[in-house]
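Sequences and hints are given; from them, build the entire structure.
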Amino acid sequence: MVGAMAVADAKGRELTANQGGTMVLRNLLLTVHILGVIVWLGFGAYELLLSREIRRSRGTPLEAELIRIYGRYAAFVAVATLVVAATGALMSVLIGWGFFTSIWLGAKQAIMLLILAAMVYMIPTFVATAKATAALDHSGGSVPENTRQLLAKVERYVVPMRIGALVAVGLAVWRPIA
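Numbering-wise, our numbering puts 33 at position 35 of the sequence shown, and it's gapless, one number per residue.
If you are wondering where the hints come from, they were derived from the structure by calculation, not from laboratory data.
Here a beta-carbon is modelled for each residue, glycine too, at the ideal position from N, C-alpha and C.
Computed spacing ranges between beta-carbons, pair by pair:
| hint | residue 1 | residue 2 | range |
| --- | --- | --- | --- |
| 1 | G57 | N25 | 49 to 59 Å |
| 2 | N25 | Q147 | 44 to 54 Å |
| 3 | V171 | I121 | 27 to 37 Å |
| 4 | A150 | G94 | 41 to 51 Å |
This is how it looks when you write it as structure tokens:
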């Protein structure tokens, strides 16, 4: 394609000009997908740093406030994860990328399935953590040990999910294997 940006499918085949509708759809979905990844990883990094500060402030009045902040924004990560999964699935179905059609794409899809399975498994813990966070004393009182334990359990699952997301981004950007 001369004078225009070349757009390729999952296998690296260039889409032709007569597939313009597909190119527009692909670009729209890919843009939303990338923005979702940015929010997902950005809030994931924010949560990681905030969790560290929560542990550092243990037993101080700041601990409860930091946990409330953590709880206030935790849903952004879940929503962004679902947006990334949905746009990825739509690109696979509507643009013809398919599922597990190449190693790099299949690996990304397997990682996302594992992340979604972990999220579903963790729903009761997420709900309990949200309730415990909402019940914290706003006057700077102490944080119940149960709330700390719930946050620690969430972290045990979201850290591997973040690592999986980073691996998936690496696979998408560099496509190291065919």
